[in-house]
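Q: Dock the two chains into a complex; use the hints.
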Amino acid sequence: MPLIYYLALSALLFSLGVFGVLTQRNAINVLISFEIMLNAVNLTLVAFSQFFQLLKGQIFVLFTIGVGAAEVAMALIIIFVIFKTFKTIDLDEIKLMRG
Amino acid sequence: MEYWVLALIILPLLSFGLLSFVGEKLPRRGALLSIFLMAISFFLSLGVLYKVLIEGDLSFFYNWLPVGKIFLKAGFLIDTLSAIMLVLVTLISLLIQIYSLGYMAGEERFSWFYAVLSLFTASMLGVVAASSYLFMYFCWELMGLCSYLLIGFWKERETALAAAKKAFLVTRLGDLAFLLGIIYLYFTVGTTEILRVSTSTLTPAKAGLISLLLFGGAVGKSAQFPLHIWLPDAMEGPTPVSAFLHSATMVAAGVYLVARSYSLFSLSPTVFQVITFIGLLTSFLAATMACVAREIKKILAYSTISHLGYMMLGLGTGGLGAGVFHLISHAFFKALLFLGAGCMIHATHTHDIFEMGGLFKRMKITSIAFLIASLSLAGVPPFSGFFSKDEILTSAFASGWWGIFIIALITTFLSAFYIFRLFFIAFLRESNKEIKEAPPIMTFPMIILAFLSIIGGLWKVSFAPFLEEEGEILIAVLLLSLGLSLLGILVAGGIYLYGWTTEENIRSRLTWIYKLIENKYYLDHFYGFVTEKAAFGFSCVCRWFDHQAINKGIDGFAILIRVGGKTIRPVQTGRLRSYMWIIFFTLCIILSIYWWFTLSGVKGG
Chain A
1 MPLIYYLALS ALLFSLGVFG VLTQRNAINV LISFEIMLNA VNLTLVAFSQ FFQLLKGQIF
61 VLFTIGVGAA EVAMALIIIF VIFKTFKTID LDEIKLMRG
Chain B
1 MEYWVLALII LPLLSFGLLS FVGEKLPRRG ALLSIFLMAI SFFLSLGVLY KVLIEGDLSF
61 FYNWLPVGKI FLKAGFLIDT LSAIMLVLVT LISLLIQIYS LGYMAGEERF SWFYAVLSLF
121 TASMLGVVAA SSYLFMYFCW ELMGLCSYLL IGFWKERETA LAAAKKAFLV TRLGDLAFLL
181 GIIYLYFTVG TTEILRVSTS TLTPAKAGLI SLLLFGGAVG KSAQFPLHIW LPDAMEGPTP
241 VSAFLHSATM VAAGVYLVAR SYSLFSLSPT VFQVITFIGL LTSFLAATMA CVAREIKKIL
301 AYSTISHLGY MMLGLGTGGL GAGVFHLISH AFFKALLFLG AGCMIHATHT HDIFEMGGLF
361 KRMKITSIAF LIASLSLAGV PPFSGFFSKD EILTSAFASG WWGIFIIALI TTFLSAFYIF
421 RLFFIAFLRE SNKEIKEAPP IMTFPMIILA FLSIIGGLWK VSFAPFLEEE GEILIAVLLL
481 SLGLSLLGIL VAGGIYLYGW TTEENIRSRL TWIYKLIENK YYLDHFYGFV TEKAAFGFSC
541 VCRWFDHQAI NKGIDGFAIL IRVGGKTIRP VQTGRLRSYM WIIFFTLCII LSIYWWFTLS
601 GVKGG
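Residue numbers (my numbering), protein chains in the order written: chain A, 1 to 99; chain B, 1 to 605.
So here's chain B without its partners, still in its complex pose (with noise of 0.2 Å):
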């Protein structure tokens, strides 16, 4: 079993080599070896999932690096959390891929788009199934660096470059972190190996702090506020890049982090209550931020980002099970909302919402599945977001505080109602353009994410014994979430479909609201602010300190040295008679100063 597992991080990395040398030659450009090895990779992870569920858990380490005597392991470390995420990004990648054959077809560096994707997909895997924090660093890098050249695909446009940056960049702040836990870990438990450290006994202070530096690398990846911002922009990438970033990689990655850490983070019971309180605020600012949004993957984006709060707050009020569940059925619906946005854009050149219009008549299979989708992330049963929410929701309610439970309601009514503002205004508003449904290809990895949707909710039944503390369901907490969705669905329809008022009208009313959502809470500023004027007045002090001090300072000291050999420069006269003058007076000198001793002496004596 241990190839298997090797194995099904080998297969996508073989496949970036190959494509990345060889691509052009092969058929269809590439896209069919990759599928081919991406489809081996996911039944052998079917395999590992079935065989960990009946064997139990699975670690081995290989030597990696050495560091003195001692070497530093690669190891992989599956068990029921990281064989199901295994399998669920192994899916995810598969249908994407084959998704990408209809929507990137004729794209230039076809090839090198699927070479990075198998990358990306391997770092994914090497992540999820690494057993020590470096060896996940290692690949979580990997993982940056890919999404860069993802988001980046386009490369001639300004705008992509732009984000592939902020992407990298902003991300990176929570690498540093990340990577300064596991220093800070090493120096005080000697190991990075992550079951160990769980078992290990540290203060909860020193735990706290390590706990609060890995989350800092998950707020990074995860897009949690402060450093979500890269994500909206993000969405310069092709979109089923997008799709694969917002569902099973780069964004599940941070939350995967927090729900492999649990036991560490344990030990602190502070860090879940910041994990608990950035979760909310995210989720909540997201929720608001994709009401107002104009562009579909937008509005996506700050959905993502929304629900990834979501994630948090579950792992930080409820327990493993919460959000994790959430994490997997959000893959897969979300996973299912970019293919759409995809096949949308494809067909209608465009990425504002309220240009499109009219598409359910149209593209029939896109709709549906759209449509199964938008259910599934508002929380309408029997489709899997409502239960994973659910579960979230009651977590919240059982901590006690009312504040989060409140919040996080009305965050599940503002995602009912962005969806559905989506849905009815692209899909259902009247327009004649002549639009045409996306080919079989894109639409085919759709249905299949769309059964997934539905059936979702039974993966919490098949892996009940993972999920652990099956907390009991609150009939109250149930209703009320299910009656938010329901209501959200209700004004959404309201507004955008029967024109109970219209979006300016609300608009002009809550104008200063509108400003602050709309200019995403100021945030990008602060950091321009910081980045631009904070910087840049710290970077013309370091400039003025150069040029004054250590410029003049070292030209100062040549000008000594110069001045110096110009004024004691005549001493060399050249002239022999000098010369001898000289030898001639400094004999006498030390003669006179000798007889002044020795007669002293012979007097004293």
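With the rest of the complex left out, here is chain A (with noise of 0.2 Å):
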């Protein structure tokens, strides 16, 4: 499959992730954006991978979703902390540092 495909996938799935985050308000809802996001720059770096036939970008995107699992759960454990301070998880809710 030309490299193209690839590209074009990524690039759909990262302004899909660009969209969530930008629209959605549900706390939740924002970090699966994220992930979206994270996961579009990993299939992108996947595809030139395996087109320049070289095994560091395979590599890195291990590390990548290594470190990505972490960030999920520092994110749920903070949007959780955040819940049981607000009593909600509505990012437009939470105004404290309005100016």
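Treat the hints as calculated values from the structure; they're not laboratory data. Every value quoted in this text rests on a predicted model; they were computed, and no experiment measured them. By construction, the Cβ of each residue, glycine as well, lies at the ideal position given by its N, Cα and C atoms.
Here's a subset of chain A near chain B, in silico, CB distances under 8 Å, partners left out:
1. Leu91
2. Lys95
3. Leu96
Label pairs and their in silico Cβ distance ranges:
4. B:Lys566 with A:Met1: 54 to 62 Å
5. B:Thr573 with A:Gln58: 40 to 48 Å
6. B:Lys566 with A:Phe60: 47 to 55 Å
7. A:Thr64 with B:Phe584: 20 to 28 Å
8. B:Ile554 with A:Ile32: 52 to 60 Å
9. A:Val67 with B:Phe584: 17 to 25 Å
10. A:Glu71 with B:Gly553: 50 to 58 Å
11. B:Arg577 with A:Leu3: 30 to 38 Å
Non-contacting residues of chain B with respect to chain A, defined by C-beta distances greater than 10 Å in every case (computed):
12. Leu18
13. Glu141
14. Gly403
A: Laid out in structure tokens, this is it:
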């Protein structure tokens, strides 16, 4: 399969993620959108790795998946704490930092 | 001998220190200690004078203030002039302290009075002995402080406080000029030592400027026109203070400064013309004011101003001799006049000469002493004033300016007139008040001073080498001045004793002249106008500027910041999603710029 297919899919997924981050109010949904963006990038890396026949890209992707998993765990904990504090996870409701 | 000089200055300082802390516990509330130390000072100064006459000048110095790598020196320079002044100051201080035992008896703050009097003496001795202008200025200012304290001694009186402030501030003006002169001198010559300054190579213009600035200091302290206004008001102080202030210290300091800087002043001829002119103007104006005053101390104050003008005139036209000689003889008879006035005020409890009257029969010693001083002041031989005054007139005559000579002669006439006006009214007019002679402690110093006023003329003979230029005595001048003095006495006697005419009569004919003189030539009004109206107007402008420009400027800036903050604040919404939008758009913009550049670069390449 030509490289362009992978890149197109990846761009589609990334745009979907951006759209989700910008539009969603639910913190969990935002988090999911972030993960989609992350994985779109991973996909790009893997595609280029295959295209140039280099293993470095694949190894790098393994690292990002690992770090991403840790990140999700941290993010979920933060969301949990936010929920305990504000009794909501609607991001628009949380405006302690308003000037 | 160095130690003698040091000791005679430090002893009064010591008595100031002791009296101001433990004075009240000492016998006679410290006065005896102060008098004792002053007597030692006096004898030391006699010794110093003797040694200077035999061994010649003496100068020594100590490091005083470190300035960078060099030291400003506190030095002492004792020549014949300063040695004589040392004797004069200590002697008169001693006599006045003895007199004050009687005059100030039972006064509150009696010890403090003696303490400040001692400090005053010490600072005058410092001025006299100082070898550099800087050190002289230091003592000079100290003297200004003491005069403030003494004039305002009766601090319960509003007028005394005002007079003290006036004296301090007006002399301050002169002191400022003095200080500027010293600074300029230091930067042009590099030293303020009097001896080295006079031998330095200054251009006449620079020397003239420095001399005029120094003379400004003398104008302030010696109450010359136009800064003489503080002196009549200074009469608010106790009478012994006036006596001291008007004879040996304070006012003498200015004349002494001119005499001391004589060789510096000689570098520029115009300076002497200025000194002559100011001296002449001062002596004449003050003499006219003395003729119309009613308060005994005011008359004497104007007389002092007039005679200080005379001294300046002598210094300006004749040279060192005439002015200094008059300074010394004037110190004796003016101190005596004030002490006599003190006795009179003490006895009659009034300052107005028209309310006194008939003192001659009841206060014999005071009257005779006062008469001697008056004759001396009027310039009648063989009293000291005659000789010194004649010397000044001779030099005025020799200067070749007829105007100066004639005005000086008129002033002689006026001096004789006003002092005998005072004498006839206060002593010889009939009155039936019960008045007692002053106690011996007060008359004793007066007797000594009277004696000195009589023989004062002999100073000239004793110190002939010091008086240098022995100008020939012009018989015509001598007779003329004597004749005018006697005429003055005669006119005073005619008006106030024999009733040729009354003062009211003259007054009604010469209304506007009287008005002019009694308002002190409107100088006080002028200063009042300057200080009140002009300074007040300027203050108003400053206030307006402060309120309108500075306050509003600062306020405007604050408002700008506040409004700006309010406007920009909504950017911080606190909403996560809006931040994300901002991040997203910013990223888009940055990327599009980046691409636009790379793509155009590709095209260009």
